[in-house]
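The primary structure of each chain is shown beneath.
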Amino acid sequence: MANVNKSVTVTIPAPGRIPFSFHWLQKLLKQTVVMMVLLFLWEVAPRMGLVDQTFFPPFSIVAEGWWGLAVSGDLYDHFLASILRSLSGFGLAILIGIPLGLVIGWYPLANELLNPVLELFRNTAALALLPVFILLLGIGETSKIAIVIFACLFPILLNTINAVRNVDLLLIRSAKSMGLGSTQLFYKVILPASIPTIFTGIRMSGSASILVLIAAEMVGAKEGLGYLISYTQMNFQIPEMYAGIITIALLGLILNFMLVSIEKKLSKWKENANG
Amino acid sequence: MANVNKSVTVTIPAPGRIPFSFHWLQKLLKQTVVMMVLLFLWEVAPRMGLVDQTFFPPFSIVAEGWWGLAVSGDLYDHFLASILRSLSGFGLAILIGIPLGLVIGWYPLANELLNPVLELFRNTAALALLPVFILLLGIGETSKIAIVIFACLFPILLNTINAVRNVDLLLIRSAKSMGLGSTQLFYKVILPASIPTIFTGIRMSGSASILVLIAAEMVGAKEGLGYLISYTQMNFQIPEMYAGIITIALLGLILNFMLVSIEKKLSKWKENANG
Amino acid sequence: MTDKIQFNHVSKVFTIRDSNERKNGIKEFTAINNVHFSVKVGEFLTLVGPSGCGKSTLLDLLGGLTKPTSGQILIDGKPIKGPGLDRGIVFQQYALFPWKTAMGNIEFGLEAKEIPKKERTEIARHFLALVGLSGFENRYPHELSGGMKQRIAIARSLAYEPDVLLMDEPFAALDAQTRETLQTELLRIWEKTKKTIIFITHGIDEAVYLGERIAVMTSRPGTIKQMIQNPIHSRNLDEDIRSTPGFAQARHQIWDLLREEVHQSQAFERKNETA
Amino acid sequence: MTDKIQFNHVSKVFTIRDSNERKNGIKEFTAINNVHFSVKVGEFLTLVGPSGCGKSTLLDLLGGLTKPTSGQILIDGKPIKGPGLDRGIVFQQYALFPWKTAMGNIEFGLEAKEIPKKERTEIARHFLALVGLSGFENRYPHELSGGMKQRIAIARSLAYEPDVLLMDEPFAALDAQTRETLQTELLRIWEKTKKTIIFITHGIDEAVYLGERIAVMTSRPGTIKQMIQNPIHSRNLDEDIRSTPGFAQARHQIWDLLREEVHQSQAFERKNETA
Amino acid sequence: QKEKVAGTGDGEYETLKMNYEGTVGQVIYPELAEELGYLEPLELEWIGNTTSGPASIQNAATGQTDFGGAFNGAIIKLIASGAPLKSVIGYYGSDEETFNGYYVLEDSPIKDARDFIGKKVGMNTMGAHHESVLKEYLRQNGLTDEEIKQVTIVVVPPANTEQSLRQNQIDVAVLGGMLRDRALEKGGIRKVFSDYDLFGAFTAGSYVFTEQFIKENPNTVKKFVEATAKAIEWARTTPKEEVIARFEKIIEERDRKEETETIQYFKSTGIAEKGGYIHEQEFQVWLDWLEKSGELKKEEISLDDLFMNEFNPYEVELKKEE
Ligand SMILES: Nc1ncnc2c1ncn2[C@@H]1O[C@H](COP(=O)(O)OP(=O)(O)OP(=O)(O)O)[C@@H](O)[C@H]1O
Ligand SMILES: Nc1ncnc2c1ncn2[C@@H]1O[C@H](COP(=O)(O)OP(=O)(O)OP(=O)(O)O)[C@@H](O)[C@H]1O
Ligand SMILES: [Mg+2]
Ligand SMILES: [Mg+2]
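Residue numbers (our numbering), protein chains in the order written: chain A, 1 to 275; chain B, 276 to 550; chain C, 551 to 825; chain D, 826 to 1100; chain E, 1101 to 1422.
Just chain A, with the same shape it has in the complex:
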C-alpha cells in the first residue's frame, strides 16, 4: 500500500486560544496534569476500597515494587532478555522479509503464485502456532525468536511486495528514458521509491514483535518481561507484576519512538510522514 498523505490537518480553532509562544509549554503542562490525575486515581481507588487492594494495589506500592526490581538488577535482566529476543526476531524478519518481498514484488509470476499462501499465513494468528513452534523447536530461544519472526514477517513481506508493485510507473518510464538497465532501475528507482511503504510494514511489525513475545515468554522461559509477569502472578507478588506490565508498556513506547524517528529520517523527502 503506497500511502501518500494528501490531506491537510484541520486545526479547528478553539475559542479563546492562548498566545502562541506559550503553546508548547502549556501543552506539556496540560498533558502532565492529565497523567497526574490518572496516577492519582490509581493511587486512590484501591485505598478507598473501590477495587480490591490485593489484586490492584495503589500506584505508590507498584512504584515501590518497580524500584525494588530495578535496584536488584532483576528488572534490567528481564528487560534485556526481552529486548534482545524482540530485536533479533524483528531484525531477522526484516532481513528475510525485505529481500523476499522485493523479489516477489518484482516478478509478477512469483506474486501470483504465492499470494494465496501468503494471505493464509498472514491471517493465521501467530499465537495459535506457539504450540507448534514449541513442539518443533523446543522451549529454548529458537522457538521464541521464531514466533517473533513469524509475527513480524508478514506485515513486512506484504508491504514490501505492495511497495514494489506500486512504484509510480511514471518514475520507471522516466528512468528508462535515461537509459537505465534492469539492475540499475531496481537499485536506483524501485528500492528508494519503496522505502516509505516498507517502513509502514516495519512499524506494524514492531508492536507485533512485543505482543507475541510477551505471550511466548509466559510459556517456557526463564527470563524476560513476559516471564516476570507470569512468575510474579503465580507467586502473588502483585505489585511486581504491575511493575513488569509498566515496563512492557515503556518498552513498547521506546520501540515505537525509535521506529518513528528512523522513519522520519528515511522519508524526510516525503511531504507528510505521519507517525
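If you are wondering where the hints come from, they were derived from the structure by calculation, not from laboratory data.
FRET-style restraints, in silico, Cβ to Cβ:
hint: 1; chain 1: A; residue 1: Leu136; chain 2: E; residue 2: Leu1284; range: 21 to 27 Å
hint: 2; chain 1: B; residue 1: Leu395; chain 2: D; residue 2: Phe854; range: 53 to 59 Å
hint: 3; chain 1: D; residue 1: Asp911; chain 2: B; residue 2: Gln301; range: 38 to 44 Å
hint: 4; chain 1: C; residue 1: Lys577; chain 2: D; residue 2: Phe839; range: 53 to 59 Å
hint: 5; chain 1: D; residue 1: Gly907; chain 2: C; residue 2: Leu635; range: 55 to 61 Å
Below are the DSS-like pairs computed for lysine-lysine, each with C-alpha atoms no more than 30 Å apart in a straight line:
hint: 6; chain 1: E; residue 1: Lys1117; chain 2: E; residue 2: Lys1357
hint: 7; chain 1: C; residue 1: Lys650; chain 2: C; residue 2: Lys745
hint: 8; chain 1: B; residue 1: Lys497; chain 2: E; residue 2: Lys1357
hint: 9; chain 1: B; residue 1: Lys497; chain 2: E; residue 2: Lys1367
hint: 10; chain 1: E; residue 1: Lys1286; chain 2: A; residue 2: Lys222
hint: 11; chain 1: A; residue 1: Lys222; chain 2: E; residue 2: Lys1219
hint: 12; chain 1: D; residue 1: Lys925; chain 2: A; residue 2: Lys265
hint: 13; chain 1: A; residue 1: Lys268; chain 2: D; residue 2: Lys938
hint: 14; chain 1: E; residue 1: Lys1367; chain 2: E; residue 2: Lys1235
hint: 15; chain 1: C; residue 1: Lys668; chain 2: C; residue 2: Lys742
hint: 16; chain 1: C; residue 1: Lys577; chain 2: A; residue 2: Lys268
hint: 17; chain 1: A; residue 1: Lys176; chain 2: D; residue 2: Lys942
hint: 18; chain 1: B; residue 1: Lys540; chain 2: C; residue 2: Lys668
From the three backbone atoms N, C-alpha and C, an ideal C-beta is built for every residue, glycine too.
Please arrange chains B, C, D and E with the ligands on chain A, whose structure you already have, making use of the hints.
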C-alpha cells in the same frame, strides 16, 4: 492517517505472457498447484522422517483429525465460542472507539490532553494485561471480551481521531459556504469523509481480535479455538491441535475477507480502495 | 443598475507564525489593503492579479468564510454576517464531496435549504443538463474527468439559486480545449440566468474573454490597481473572438498593467525563497 | 539542414482488454496511423492535436519506450533501438524522483552516463543556474512549486546533453504566469543550445508562440493533418508577441484546423462515456 | 446464580450451587463425591478448567469460584499477600506409587543436589509444588541460598517436558503420573530424587475457601468437606480398577470433550491421611521454608490462619489417635 492511494500498479510484463482470455482460469490453476505442492510436502516430510512424525503429523492425519472434530460437532462449538467472543469484543470496540474518536478528533483540546495517554496504552502489549484483566474481571467471558476490546480499541480510536483531524479543509470550507451549521457539517462532511480511514483501523483490529483472543482462551477457558489448541496439546492429541490451528487460520481469512468486502462497499467512491 | 456588492475600504491582516524564528514569534501580515469597489446587479466582473496578491482572500471575505480586519462589505446594502446560500462559491480545486455522486453533490446545497427530496432531484437534473452532463447522474467524482468535475461544481453552485456566483480560478487546472469550452458555457449560463458573477483568474486571455469589467490588482498587499471596461461586446460564442484585433488590444493593455506587478511579486518571492 | 528525425509511415496498434465484455475479450486499438514526417537538426517543432489523438504515443515511440507496430523511426538515419541518452524526455507530470534533491535529480542521468561525481556536480550546478534555480540545490521536489519542479525536469533532460529534447505538454499543469515565463525561458535555452525540440501541447497559443513549425494532428487514430510553417520569426522575448496581429492570425488558422478535430473527438468521447 | 436458603440450622444450606474449575482429563474429589451421591443436595457448577494451582486459588480469592485447590506453599503465599483464605481439606500428595520424580538423562552428570547448580529444571508451573520441593531438596542437602538461586527453573508445557529433556533443552525434568510412565516406557532416563524420597508419604495440597465464604455459608462448606472427605476415603480404599472405571464414567458423562487416557495411569490418591485430614507438618514445612528464604517475615502468619480441620468428619477419630 488519511491514506489516499495515488499510485499506479506496475505490471511488469513477464516474457511470453499467455493470451489474456485464459488468464483468470490459469491463475487459479497455478495457485491451486502451489497449494497442492505445499500440502504434498506436509504429507511427505513427516513420512520420510524429515520431521518428527509425533509432533508434526502428515497432512492426511491432520485432516482426519479435523474431520473427526467436525463430525462430532466439537469443532463447531469451539469455533462458535471463539467467533462470538471475537465479534462481541470487536463490535464493542467499534461502538466505543468510533464515537470516542470522533469526539476527541473534533475537539483539539481533548486530543491534546489525551494524546500521551492514548499513545501509552496503544503501545502496551494487550497480552501483558491479560493477568490484570483476569484479576479484575475474573476468568469468565468478561475478561476475555475485555482484552479483545482493549486490543481492538486503539487502532480504531487512533484512526478515527486522525481521520477527523485530516478531513480536507477544502471540503469543510465548501460545505460552510453552503450555509451548513456545526452539527450538519459533522454529519454530512466530517463523518463520511472519515469512513475510509476509520475502516483501516477496523481492519487492523480485526486481526488483533483473533490474535489476542487465542492467547486469552489458552488461559482459563472451557471452549474456544485457543482452548482447543492448548487442550489438545496437553493431551497429546497432536493432529487435533493442528486441526485447531487450521481452523483459526480459516477464521482469520474469513474475517479479513468480510472486512475487506464491507470496506470496498463503503468506499466504492474511492479511486483505489486496496485490500 | 443598482450595486449588488460593495467593498468599503476593506483590509485583511493575518497573524501568522514566524517559522524562521525559533522562539515561535508571531508576525502581522497584510493580505489585502483598502480594497474599495462595487459590482452591479447582473454584472460579470473578472479579477486578475499576480499570485499571492490576495484574490482568494477577497473571495473568502465575500463568501463570509473570514471577516475583514477593517472596512465593510455590503450585499444588497446590508453587511455580510457569515456564509449563506445567497452566494455560491466555486473553488479553484473542484471541492466535490467524493462520497457523493454527481447528483448527490448537486443536491447537497439543496438539502441544506431543506427542499423536499423529489423537488431536489428535479432541480439537480435540470442543472446537470444545463452543464451538459445528463447521463452522468450516478458517477462518483473520481469517475469524472477534470472538466466534468468542475462543471458539476458549477452546477452545484447554480442549483441553490444564489444571486451571486463567486468563482476562484475555476478553470485553472484544466487543459486548454476543455477550458475554452467551459468558458463559452459559462457565458451562456450567465446570459440565461443573469447572475452577478465575480470570476478570479490568472489568465489574461480568460479575463478579457469573460469579463464585462476587469479588475487588475497590485501585488502584495493587494489593492485594486485599475478597473477596465472591456471594449469587446459582441459575444458570438461560436466565433474565434480570441483571434480578433480588439481582443489582442485589450489583452495587451492588461498585459502591460500586470507585467510590472508580476515582476515585482516574483522578485519578492525569489528573495523570500532563497532566504 | 539535414533531417534529425524521420517518421516513415509509422503506426501503433494496442491490444486492450475489453472491459465491457464479461468474457475478458481483447480489442485492437489503433492509436496512431501512418504518421510520416521529418524534423531537421536544430528545429523547434510543436505538435498540437485533440485529446487522445496519440501525441504521447508518438513521443513514447520516439523515446524508445514502445515499438511501432509498423513503419520505422530513424534518428540520424539509424532506426531506434530503445531508450537512450541521445534523447531527453520531459514528461507531462513532473517525473522527478521524490527522494532526490533538485541537484540529485539533475545528476541522475549523469550517473547513468557514469560521469565522475565531481564533474557531475559541476554540470548540475550549471544547468540549475540555466533554469534560474541556483540556491535551490538541496530542496526536495515537494518543497518546490510546480513551476520550479518543471524547470528542474527540463534541467535534468538538458544536463546529459541529448541531441533531441522531447517535451510532452510540460507546462500544462502550471498557472498562466509561470507558464509564460517558462515558455520564454525555453526559447532562450533553445537559442543557446540549438537542440532539436519536439514539443507537444494542447494550447494553440503555446504552439504558435514556440514552434518554428507546427504539426496539427487529426483525432483518433492520429495522423498528421497539416504542417504549418509559423510566420512569426522576430523573437524579441520581452515583447508581448502574443498580442500582435500576426500572432492572432496564425492562432486563428490553427484554431480552425483544430476545431473540427476537437468537435469530432468530443462527440466520440461523449458517445463512449455514456455507453 | 447462587440460591440462598434462609436459616443456619443443620441441613439448611446457605448455597446450593458451587462454582468451581475442573481439571482437563481428570476427576477431582468433589466431582467424585457428587457422583457417589455424598454431596446432595449441593451441586457443582463447572465454569472452566484450571490452568494451575496458583491460578485456581487466586480465582477463589477473587470470587470467581467458590473453592480452589493448590499446593500448600502457594496457599501460604497468597494468604500472606493479603487474601483471607482458609484450607479445609487436603486433596493430593505423594506416596510410593504416586509421586513427582526429578529425572535426568541416563548419561547425565547430575547425581546429587550439588550437581543441580547452574542447571535448568523444567516443570509445568512455577511457584508451586515442584519448585518448592526442589528447593527444599537442595536446602536439605546443604546448598546455600546463593547456590539455590543458580538453579534455573523453566516452565515447560506438560506435553513438552519429556521432549525437552531428551533434546537437552533442560537438564532435569519433573515428571509425574502419565508423563512419568510414558517417559519410563521409552527408557533412557533416571530419577535423581522424588518428593516421596524426600518427605515420605505426605499430603501436599488443599482446597481453600475464602474466610468470608466460610462465615456466610458454614453449612454448605461443612457438607462440602464431609462429602469430599468421604469420596477421598472411597478412592483410597476401593480397588484401583474400580476407581478408574468410575472416573471414566464421570468423564464420559460430563461431556467436556476430553480423552480418558490420562485416567488410565491412576495408581493411588497419594493422600497421606484419612479423608484428607490436614496435619500441621504439611503446612509447617513450607512456612518454615518461606520464612528462611526471606519470602515471608517471621511470625507474619500462624498456622491457625492457614487451615482448619473442623469440618472434616474424620477429625474426631484422628484427634483421638494423636
Ligand atoms: N489563513 C491565512 N493565514 C495566513 N496567511 C494567509 C492566510 N490565507 C492567505 N494568506 C496569505 O495571504 C496572501 C494572499 O493569499 P491569497 O490566497 O488570497 O492569494 P491569491 O491572490 O489567491 O494567490 P493565488 O493566485 O496564488 O491563488 C498570501 O501571501 C497567503 O500566504
Ligand atoms: N499502453 C496503452 N495501452 C492501450 N491503449 C493505450 C496505451 N497508451 C495509450 N493508449 C490509448 O491510445 C490513445 C492515444 O493515447 P495518447 O496518450 O497518445 O493520447 P494523447 O494525444 O497524448 O492524449 P492527451 O492529449 O490527452 O495526453 C488513447 O486513446 C489511449 O487510451
Ligand atoms: Mg488564490
Ligand atoms: Mg498525452
